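Participant: What follows is each chain in one-letter form.
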Amino acid sequence: MRIGDAKQTYEADEAIWTSNTQKLWFGLLLLILLLFPFMADSYLLYLGCLVGIAVISTTGLNILTGFTGLISLGQAGFMGVGAYTVAWLSLNTGLPFPVTLLLAGLVAAAVGILVGLPSLRVKGLYLAIATLAASVFLHFIFAEWESVTGGMGGLSLEPAHLFGLTFQSDFRMYFIIVTLAVLMVLAARNVLRTRVGRAFIAIRDRDISAEILGINLLRYKLMSFALSSFYAGVAGGLFAYFYRVVTPESFPLSMSIFYLAAVIVGGMGNLLGGILGAAFMTLVPEALKLLTAALTPFYPNAPVFMSPMLEIIFGALIVGFLIFEPHGLAEIWHRIRRFFRLWPFRN
Amino acid sequence: MSILEINNLSLSFGGVKALQDVSFQVPENTVTTIIGPNGAGKTSLFNCISGFYKPQQGTIHYEGRELSSGIKPPKRAALGLARTFQNIALFRGMTVLDNIKLGAHVHMKSGLLGSMFYFGAARREEMEIRREVEHRIIDFLEIDHIRRQPVASLSYGLQKRVELARALAMRPKVLMLDEPVAGMNREEKEDMARFILDIREEWGVTVLMVEHDMGMVMDISDHIAVLNFGQVITEGDPGDVQKNPEVIKAYLGNSDIDSLRKKLNPEEEAA
Ligand SMILES: Nc1ncnc2c1ncn2[C@@H]1O[C@H](COP(=O)(O)OP(=O)(O)O)[C@@H](O)[C@H]1O
Ligand SMILES: [Mg+2]
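These protein sequence lines map, in sequence, to chains A and B.
Be aware that the first sequence starts at 1, since it is given in the working numbering, and climbs by one per residue.
Be aware that the second sequence starts at 1001, since it is given in the working numbering, and climbs by one per residue.
Honestly, the hints are just simulated from the structure, not real lab data.
It should be emphasised that the depicted structure is a prediction, and the values quoted were computed from it without experimental measurement.
We put the CB at the ideal spot given by N, CA and C, even for glycine.
A hint or two may mislead.
Simulated crosslink set (BS3-like; lysine-lysine; CA at most 27 Å straight-line) [to be verified]:
id	chain 1	residue 1	chain 2	residue 2
1	B	Lys1243	B	Lys1189
2	B	Lys1054	B	Lys1017
3	B	Lys1072	A	Lys123
4	A	Lys123	B	Lys1054
5	B	Lys1075	B	Lys1189
6	B	Lys1072	B	Lys1054
7	B	Lys1173	B	Lys1054
8	B	Lys1017	B	Lys1249
9	B	Lys1075	A	Lys123
Far from chain A, some chain B residues (derived; all Cβ distances over 10 Å) [unchecked claim]:
id	residue
10	Met1001
11	Asn1007
12	Ser1069
13	Tyr1156
14	Gly1157
15	Glu1188
16	Leu1197
17	Gln1231
18	Asp1237
19	Pro1238
20	Glu1246
Given only the sequences and the hints, what does the whole structure look like? Please build it.
Facilitator: Okay, structure coming up:
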């Protein structure tokens, strides 16, 4: 049970972690993230990196779709822009990874602003279609602008480097990815608890009243697009350094749907939900694959039978969430927390 | 002096003439009320002043400056025109505090980068706003017990009060209230009337209000304009308006003059 959280100052009242218990939990989480690569085998480490990248991109999309209410099917396209930016810079300049990743985010943000321009006029499914069109167009550019993107063959790149240190192994990449994921989630949290974030949420909830409060709709919608695609661009850049090859097929449309599903399964407009959703969407298909492998000794036909089933089970899980827990994984988490906060005085 | 001047305003939707050649003035630092039956065009007039509707004819001057159609709603808000809506337009998922802070949006500066880092300027600004909201608004409107609650969980009367709080956070010069006590019980109405008077007296804000509750209108208004079928029938102080036979007839139809008189004169009714 948590007690004694009356606040003396507004500063304390508005902090992210309003109690020592919460600070303790966050510290513990950081410690686990830090120790994980020393204990995990290479497969788990690989999954850890994938989850980290997915967390960054999902957080970005959550800002746009979950908090600003603008549906986008362009997230994979923006990640592609970031990935190609990193690949091109690493092949043509000697820039270290913090610079290339920042530029990846900025280039993606610029593209995001262009794609977001119709959002003042079109909403909902129409906006989804407009962003879909943009991502098809981006895909076309990745495939056809050979002098820059290497065409269908794509680009291979050198490992990330900084101060003479190269980040070739998953072990080293893990630290870059997780550090950025933590920082970017915290930055998103900051945005969402201050002026800009409130404006995003206001636009999502009722755009007429947002205008009456002096919020410039176009400006904030574009800002949300820029921020969201900045996150996608950085995630895409990390993706490029992680796989060290970027092709047009690296960022298919299904990936945009994957991120939208992560936001929905996790809980729209909830940062923690986005993180849980990203982990869920990355890990569940892997878990289903493991299950298949475990079944094979007993049922030699398992792979034949399971591989189409994987998609169906995965899809059914998502639909199940939409029906039984529309507020997503975040809500399940909150229920667990409420339970322990009142424990042992349940009511 | 008049802080708002409406001149020859006309607005129509297809064949429906919502406003016809409407002219009237809102004297500074008064409670000015627009009354009139449903469909008379009161809300449309508010929407013209806020910039949501573009009148086909006429002008609106605010502090001597013309509000042309190029001045969009966010800009008008920044100039000091705040309002509440007939149907509550709060952000239902947000807490009371966040709703009120949103009112201060135009008076804050933090941009995207500043908010991402938070510590430093953005944090300082958030705390200043928090302090202002707490001391000037939350205490004043007596809503400190609900500041952390999501708006959707509040009673209708409290939601109306939060909407007023949000409008006050805009530091308005003119506060437009569209039916502020509709649907409230007697006690809530009395509180609201007291707040409106205090806002005019202590904050020096001009209040422009649309209201049907004649008791309250006659009690707290300095100036009343009567609208019917999109036209101003008369304007003046409460005493004049109450006596005007045309108002009695037009405002409430001409079925039963006596009972209508009573509605317009709540004291007589009580006596
Ligand atoms: N957006 C709109 N589109 C079409 N007609 C409208 C619109 N807004 C108001 N009207 C019409 O204008 C007239 C005045 O409405 P309104 O201003 O809401 O009246 P009041 O607030 O006095 O009850 C009504 O006939 C209404 O149907
Ligand atoms: Mg109305």
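Participant: Hint by hint, note whether the structure agrees.
Facilitator: Each hint tested on the structure:
For a cut-off of 27 Å, the pair hint linking Lys1243 of chain B to Lys1189 of chain B stands: about 25 Å separates their Cα positions. Proposed proximity of Lys1054 of chain B and Lys1017 of chain B is supported: the alpha carbons are some 13 Å apart, at most 27 Å. Proposed proximity of Lys1072 of chain B and Lys123 of chain A is supported: the alpha carbons are some 21 Å apart, at most 27 Å. A distance of roughly 23 Å separates the Cα atoms of Lys123 of chain A and Lys1054 of chain B; the hinted pair therefore holds under the 27 Å criterion.
A threshold of 27 Å between alpha carbons decides the hint, and for Lys1075 of chain B with Lys1189 of chain B the separation of about 32 Å lies outside it, so the pair is violated. Of the pairs offered as hints, the one joining Lys1072 of chain B and Lys1054 of chain B holds, with about 10 Å between alpha carbons and a cut-off of 27 Å not exceeded. For the suggested pair Lys1173 of chain B and Lys1054 of chain B, the alpha carbons sit about 22 Å apart, so the restraint of at most 27 Å is met. With a C-alpha separation of about 21 Å, the suggested pairing of Lys1017 of chain B with Lys1249 of chain B holds against the 27 Å cut-off.
For the proposed pair Lys1075 of chain B and Lys123 of chain A, the alpha carbon gap of about 23 Å is at most 27 Å, so the pair holds. The Cβ of Met1001 of chain B lies farther than 10 Å from every Cβ of chain A, with a closest approach of about 25 Å, so its non-interface assignment holds. For Asn1007 of chain B, the condition that its CB be more than 10 Å from all CB atoms of chain A holds, with the nearest at approximately 23 Å. Here Ser1069 of chain B stays apart from chain A, with its beta-carbon at least about 15 Å from theirs, past the 10 Å limit.
For Tyr1156 of chain B, the shortest C-beta to C-beta distance to chain A comes to about 17 Å, beyond the 10 Å cut-off, and the non-interface label holds. No Cβ of chain A comes within 10 Å of the Cβ of Gly1157 of chain B; the nearest lies about 19 Å off, and the non-interface call holds. No Cβ of chain A approaches the Cβ of Glu1188 of chain B within 10 Å, the least distance being about 22 Å, so the stated non-interface status holds. Residue placement check: Leu1197 of chain B keeps its beta carbon more than 10 Å from all beta carbons of chain A (closest about 24 Å).
The claim that Gln1231 of chain B is not at the interface with chain A holds, since no C-beta of that chain comes within 10 Å of its own (minimum 26 Å). Residue placement check: Asp1237 of chain B keeps its beta carbon more than 10 Å from all beta carbons of chain A (closest about 30 Å). For Pro1238 of chain B, the shortest C-beta to C-beta distance to chain A comes to about 29 Å, beyond the 10 Å cut-off, and the non-interface label holds. Listed as a non-interface residue, Glu1246 of chain B keeps its Cβ farther than 10 Å from every Cβ of chain A; the least gap is roughly 34 Å.
Of the numbered hints given earlier, the model fails hint 5 alone.
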